[in-house]
Each structure stands twice: as structure tokens, then as C-alpha cells.
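K.L.:
So you can see what is in the structure, the chains are spelled out below.
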Amino acid sequence: MDEVLERTRSRAVRDGAIAAVLLAPSLAVLGVFGITPILGAVYLSLFDTHFGAGPFVGVGNYAKALTEEDFWKSFLVTFYYSVGTIPVGLVLSFAVALALFRILRARGLFRTMYFLPYVTSAVAAATVWRVLLHPQIGLTNLVLQWLGADPMQWLLEPRGVLYFLTDGRIPPTIGPSLSLCCVMLFDIWHASGFMIVIFLAGLTALPRQLEEAARIDGAGGAQVVWNVTLPLLSPTIFFLTVVSAIRSFQAFNSFFALTGDGRGPLNTTRNLTVYIYSSFYQFGYEGYGAALAALSSLAIVTMTIVQWRFAGRRVFYE
Amino acid sequence: MIRKTVLYLLLASGAVLTTFPFLWMVTTAFKTLPEAMSPSISLLPQQWQWYNFVETFHAAPFARYFYNSFLVAAVVTTCVILSSLMAGYTFARLDFPGKGVLFGVILATMMVPFEITLIPNFVIIKKLGWYNTYAALIVPWCANAFSIFLMRQGFLGVPGDYFDAAKVDGCGHLRFLAWIAAPLVKPTIITVGLFAFLGSYNALVWPLVITSEDEMRVVQVGLTFFWGAEGVRVNLLMCAATIVILPTVALYSIAQRHFLEGSLGAGIKG
Amino acid sequence: MKLKSACGLILCFLAALTGCAGPIEETVTGGTPAALRTFQPINPDAAVFWDRQTTETRQLLLQLADEFNRLHPDLPIKVEHSGGYTEINRKVAASIQAGALPSMAVAYESMTAEYVQAGAVAALDEFTRDPQRGLSAADLADFFPAVLETNRYSEFEGKMYSFPFCKSALMMYFNKRVLADAGFSQPPNTWDEFLEQCRQVKEKTGKFACALNVDCSTVDGMIYSMGGELVKDHATLFDSLEAMRVFELIETLVREKLAYQITRDSYDDESALAQDQIAFLFRSSSGRTSIARLMQGDMQRWGMTRIPQADPADPRTVLYGPNIVIFNTTPDQQRAAWEFVKFFTSPEIGVRWALGTGYIPIRRSAAQHPDVQAFWNEWEYNRAAFDCLAFARSEPNFAGWQEVRELVHDAETAILTGMKNARAAATELKQAADQVLSARHARSTR
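Protein chains in written order, with the numbering used here: chain A, 1 to 318; chain B, 1 to 270; chain C, 1 to 446.
In isolation and in its complexed conformation, chain A is listed as follows:
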């Protein structure tokens, strides 16, 4: 018995040594440039600094943020954005992936076409979108006019999209602005390529027998998808949801590149990250910006844990 224990222990020690060697490069980089700055930022959030100087205020910045309307407004923008992009993106990408999976010819070509937006930088892609959504020379308004509708202000429009959809019955300050919806549309376009590829990979890895068995039992195409394919794909869906949720909470480049300053008309596209950015760089309140970032990270961590608790276990250890 002792000998077995001894051997296991010495093996654990050896594994530990090997692990230390193998982890060293990653830990060195992430330690210095990933974790240290986080600790630095948390420390910074305890000071009310402005352009690099200011007194210690403890949790003052946190208290200020939580009682401030601007913080909650930007939180709401982040929320709209997540809710508006993730489900739509998932459904669309799944549909495309399923279709791509079913065809044999030209699959590579289609896949490249759908993945194209994802490989382009937000800056370059937004340059194009800004011109397409341009109120005067943009193609979107040209099409609207061709259809006999009034031109829209698109990215410049702070009024809510519900206001337009209901012909003004809902007040313009309720719900996400048209401008925010344009950013969402851009994001769905930009990120769906990633989702499609992951879905395709998931589909490829599925055992074919189950679907075939269901088919032999007389299930229709839609039934097979709903009852067999989707449940089997749940790890993929879960993975994409978690990653997209984190990504949508941190979205910045598309906001910045599309609206010029990120905050959009009347701050209607100012999400948490843009708010952090503008407190930090535009106005120089670094301590406050760091506190906002800590709160945002806390929200992301909480969200991920909740997702894991509710869905993760069920999905992974079925």
C-alpha cells in the first residue's frame, strides 16, 4: 500500500515539475501582461484620480457608479446589445450551417463567403458600412426611397426603433435606438461567420447513426433537427452562448468604428466598454473608469457562472 501511495505521490511531484515547465511561457506572459494589470486596475479603482493624480477614496468610485444614472443607462445598452445580437446570431448561423452541411458542391466557397466578414477588421468593415448607411449617399436610403419610404438617419438616429415600428405610438426614448440597432446588425453580420464555422464543426462531429435512426423511425426533417440534432449540438450552442455573451459585454471596436466616438447620438450606443473608455481616456477619470471596469468584469464573471450552473452541467455531463 505504502509503495503505491509513494509512487503516486512521486508521480504527482514529477507531473508538477513538468507542468511548471510547460506552463512557464503562458504564465509569464499572462502574469505580467494579464493578471498584474488587473490587480493594478483594481488598486487604481480605489483612487479618485484625474489624469493620473488624486486621493484615496476606498469604494467611493463603486458607490458613485452604482448610484449614477449614466452607469445604469450604459448597462442597459449592453443588455439590449446582448439580447439583440446573440439569439438572432445563433439562429441564423445555425440555419446557414445546417444548409451548408446538407450540400456537397461549393461548400468551401460558401463557407469562405460567410466567414469573410469575420476575418476583416472592424475598422475596415465599419468604413464600408458607414458609407452604406450614409443618410445622403448611402445605398440603404436609396433603396428605401425606391420603395417609396422616407429616408432614415440610421447611425445618427437616437430615437428608439420601437418608435418607428409603431408609427410613434411608443415614445422615442423607450427601447434601443435605431443607431444601436444598426450596430447590432453590423455585429451579427461581422460575427456570424465565426458561429457558422463552429456550428459546422459541431455538426461534422455528430454521430450520424442517431439521425439516420430517427429518419428510419419516420421522423420528418424538422423533427430530426429539433429532437436529435439540436440536443446533440447543445455543447456547441452552450459554448457559443458563453463566448458571445462575454464578447458582447466587451464589444468596443464596432461601436467605435461605426459611430466615430462610440457613444453615438445622445449616448444611445454608449455601452459599458465605451463608457469605461470615455471616462478613462476622453475625460481622464482613471480611478472611476477602473471601478466601472471592475463592475463590468464582475457582471461577466457572474453571468458566466450562472450560465454554467444552469445549463453547463446539464449540457456537458448528460
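None of these hints come from the bench; they were simulated from the model. Glycine is no exception: its CB is placed at the ideal position from the N, C-alpha and C atoms. Treat the hints with care, as some may be off.
[Unchecked claim] Straight line, CA to CA, 25 Å or less: simulated BS3-like cross-link-like pairs of lysine-lysine:
#1 B:Lys-127 to C:Lys-78
#2 C:Lys-232 to C:Lys-430
#3 A:Lys-64 to C:Lys-430
#4 C:Lys-430 to C:Lys-159
#5 C:Lys-207 to C:Lys-176
#6 C:Lys-342 to B:Lys-126
#7 A:Lys-73 to C:Lys-159
[What the hints assert, rightly or not] Derived Cβ-Cβ restraints for the label pairs, each shown as a range:
#8 C:Arg-255 to A:Leu-144: 32 to 38 Å
#9 B:Leu-10 to A:Lys-73: 37 to 43 Å
#10 C:Glu-126 to A:Glu-68: 38 to 44 Å
#11 B:Pro-159 to A:Asn-227: 25 to 31 Å
#12 C:Gly-227 to A:Leu-76: 38 to 44 Å
#13 A:Leu-185 to B:Tyr-67: 34 to 40 Å
#14 C:Arg-255 to A:Ser-234: 31 to 37 Å
With chain A fixed as given, assemble chains B and C onto it according to the hints.
P.N.:
Positioned in the frame of chain A, the structure of chains B and C alone reads:
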């Protein structure tokens, strides 16, 4: 048969919609300024002005920007692949105390908005004396949580028998990783590499803040500045966007063959 | 066990590093310039100058720096194009925290005030007064008062923290062809005439009369031209009669579909003017070069003049243009920077700069130079911006104005999109702006 045709038609129209902005970008890049600025549905230029590209390269030192971007992205990609191979293997196949906590801490770095770590990072770079150097553009990005995560999943997806059969121990792990395990996760390696390349090539804020001189600029910063300087000339702007996008499109077209099938999907399962 | 101690070591290392990433623990005491901090130069071998000039004007600036470096070989000047004002502001903000700065950078007054409060900017008074390296009384008197005065910061003991670099004025650009179609041969002189012409343009041509770039400086200039003021004793006057007239005018323009809003940070108004799609736009006089290029050299089709006025006999407009700030780096760097500023603003260079860029000459002797005079006679509107110098005024130069600017943008956007009426927008703007300024005041006197 009809169902297949409908499927193709739907896919094709979706693909056209998706790629339309690129089509429009490329054709606008060839238009004359007045044509580019006037509202019109016609996609094709009335007159193909190839000279736009010459003028774009003339207006900003894009050649230098490309050199920097490629250098930085290539080194970052190599380093990320190596570091995440090693770390991913460790988290997937080795046991050591504190493994779970360490993995959690690494994942946590993914959840903090990048904007906020920028200033502390700037301070560290400055202390190291790396300001305005390639080291500053490269080293902080040589490892990341997402790649480690993907690679771990990749290794988890490989059946355990392979590892047991090899009966690795001691230094054998390293040799095993290099000669047997790594080739098994080749699709994951290509995925991680592609994402690392895209991330590095498309990065904007960090290179903007950490470089000071024109010789050190990368293409995305160059494009942003070009926008500020030539924003009024839509055709040149589209030219610049086109040449900035081109390399990533080319790279993806090459990589996609190897990029996908199999292990990525399997790897995502726990 | 080894692993645990390794972890411990890493933790200690991290803790040590965190210490250096923290903020500087000193309180900025208000009223006075902040406790001075010194910064490492980002490049010890050259005096780096962060600038935003592009294309031809950048080439000229580089050439001038070369000439300067031949005359002053000890520490060379290096001009680095660092993006627009947004990017430069971001870089400076990050660099102040990191404790390393270039020798000098371009900055607007409101940004400068922030940098001063952070203790990052060198007061120039000791340089200007220095018997050997300074400027003589005659030299100082040669500068137009308006361009010099805006660089003295009353909030910081009236010291001079920046030096004029590129000066321009808010102008009205007009398209003669569109105006002629509407039956006018002259641009408007007063705001009433302006509104009338806009209505005629709409009626006769069906076009929008005007493209509006949402911009605080334009609103400020319009308030000045209505005879109004922006601030009094650190409280804003956005609810004054004059300001209200400006907001109501904007409201009328958009309600009657006489004007539309352009994308922020774009120059769509300039291309619309060049395409004969609008009659008017408001921009800094430095926009002359780019509009001329868009007009493809057709100088008969357009013109530029001072903005309309409430009282043409007592005109007002806004004075634009960044200044140079010299940061608190090493004495060598500062000396080199100051020498360059002196060189750059000398009359001969001032003439070449004005001719090459279209910026207003900032010294009397430069304005009287035959080459400048010849340039003014070349095209009837070349002198228009310079003529504004006699009555143009800068915007407030105290800390916090940068934040107020964003509030003004919001108020203007709210009016342009019909979210608020002019009166509500103006009242709420005044409240919000005053709150920002008093918070800043409280912060600096804490």
C-alpha cells in the same frame, strides 16, 4: 432535387447579402471621386480608375505598415501556438495541485475589458524600456486564455487510449507532446493560429498607444489615420480598406481547408 | 511543495509589479497649477513633437523641422504624426499616467487645461522672459493679441501654458451656383438674411440649404455672433437670450427641412457643397484647402466669408486652431522644444506656414509680408479668415470645458432629431454644464 435547388438558392442569396459590402467596397475603390460621392445603385464604376491604388500607397506609407503588421502577426501567431500547445496539454493531461484554480485565474483574464488593463500595461512596458519597440507590440500577446482553452479542449477530445498507450512520464511528456500529441490536434492548432493572426493583425488600440513613430505603425493604425487625413475621399478610403483586408482574406482561403473538420467540434464537448 | 513556493514567488512578483502600476498619490490642489511632476522623455535622443498635420501640410512641417535641425544640431526635433485630436489626447492621457511624455504636442485650450491640472505642462512665461532665449517686448507685441491671450489660463494664475501654432476662424462657406439658382448673388450678412436665403434655396431648388456638422465650436461661434457670451464666473450662459436664438435657429432649420445633420467626424458637408447639393456649411477656415480640392480647382463656384451676424457692425466669431504645449520633461528637451516654437513662430517661417497651409498668420509682420499680401489678392476670399482675426475670440480655456463640449453636442443632436425643443434643450444644457463645472471646481479646491 427541388429541395436541393431551394437550399442552394437560399444559401446563395445569403452569401451575396453577406459579401455585398465587400463587393461594393472593391468597386468603389475604382470609382472616380465624384462618382463615389454621388448616390447611385450601380455597383460597377463607369470608369475604372486604377490610379486610385497608386495614390493610396502614395498618401501613406502602407508598405511599411504592412511589413510591421506581418512581422508582428507572424511572431505572435507562432508564440501563441507554442505557448497554448504547452499550456493546453498541461491542463488537459497532467495532474498537479492547484490546477483548477490556476485554470480559473487564466480564464478570468478573458473577462476583464481590455481598455482598463491598457494603462497598467503601458506602465509595465515603459519600465521594461520597450516603448515604441517590436517587443511591446509582440510579447504581451504571446499567450492568451482563449487559445489555451481551445487547445485544452482539443487535447481532451483526443481519446485517452492514445495517451495511456504511450505511457508517458518524466521528460517523456515533452517528446510525446511534440511528436505524437501535437499532430493529433492539428485542426485546433490551425484554428488557434488563425485566430491569433487575425487578433494581432486587426488590433488597433494597443499599437496606437504603444508606438510613437511612423516606422513602427501597423496597418490598422495606418488605416485609422488615413481615415482622418483622407476621410473626404471615399474612393481612396475604400482602396485603403481593400488593401488592408486583402491579406486576411487570402490567409483564410489558404487555411480554411485544414481549419475545420472534426476536432474543433469534438473539442468543444467537455 | 516546490509548486507552492513557486506560486508564492509569482504572487510576490505580481504584488511588487502592482505597486508601480498604481496612481501617484498626491493631491492636486486647486487654483494653482498642480504639483509639478517631471516626466521621462519618450525619446531621450530627440525632442518628439506629436502633431496631427497630414498630406501637404505635414510635408511642409517636416521640411521646417529639417531646417531647424540643421540650425540646432544638439537635440533634433522629430515630428510624429499621431492621428487626430482624439488619438493625440488619448496618447497624452495614457502617457501622463505612464510618466513619459514627448517634448511637445498640439492641443486645444480645454485639453491643455486638463494636462496643466495633472501637472504635466511647463509654464512658458520663464521661457518668454528669459533674457537670452526669450522673446523681446517688440516680438511679443508683433503677435496679434487674440492668438496670444487665449494661451494664458486665468484658472492657473494667468500663466501661459501653450503657444499659438495653427490659427483659423469659424467661417461660412457657400456655393455660388446654388445661391444663384435661388436668386442670390451675395451670401447673407445677418442671421435673418441667412434664414431667408435658406428658405429660398429650398423653395427654388428643392435642395437642403445647409449641412450641419454637430460641433460645439460652431454653436459657440454662433452664440458669439448673436452678441452673446458663453460663461460668466464659471457658470455657463446657454440659456441666455442670444444662445436661445441660436438653438431656435437650428430648430427652425431642421423643422423646415432646410438643413440636415452629417455624420460626426466626417466631411460629408464639404463633399455636398462641392456637388452643388447644398448652399452653406460652417467650418474652420482651415477647410479651405480640402474644399478647393473637392471643387477640383473651380474657384468661381464657391466662396468663404465670416459667419452671419446679429449686428454686422459689431461682428464676432470663434477663433480656432490648436496650440503647442511643452511638457515637463528634461531641461534639454524643453529648451529644444522652446527653440523650435520660437523658430516656428518667427515671422519668416510664419509666412511660409500661412501660405503653405491656409492658416491665419499670427504675427503682424507676417501679415504685412508681400507674399502674404499677394496671396490675399489671388482669390477674393483668401483674406476673409484673416479679417476675422480682429474680432474672433477663443472658447473658454478652463478645465472641464472638454466635458461641456460633449453636452453641447448632445443638446444640438436632441434639437436636430426632434427629441427636445430648443428651449428645453438649452435649459437642460445649462443645468448639466453648470453641474459639471461646479463639480470640477469642487474637485480642484478640495
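K.L.:
Give me the numbers of the hints this structure contradicts, sorted from smallest to largest.
P.N.:
Hints 4, 6, 7, 8 and 14 not satisfied by this model.
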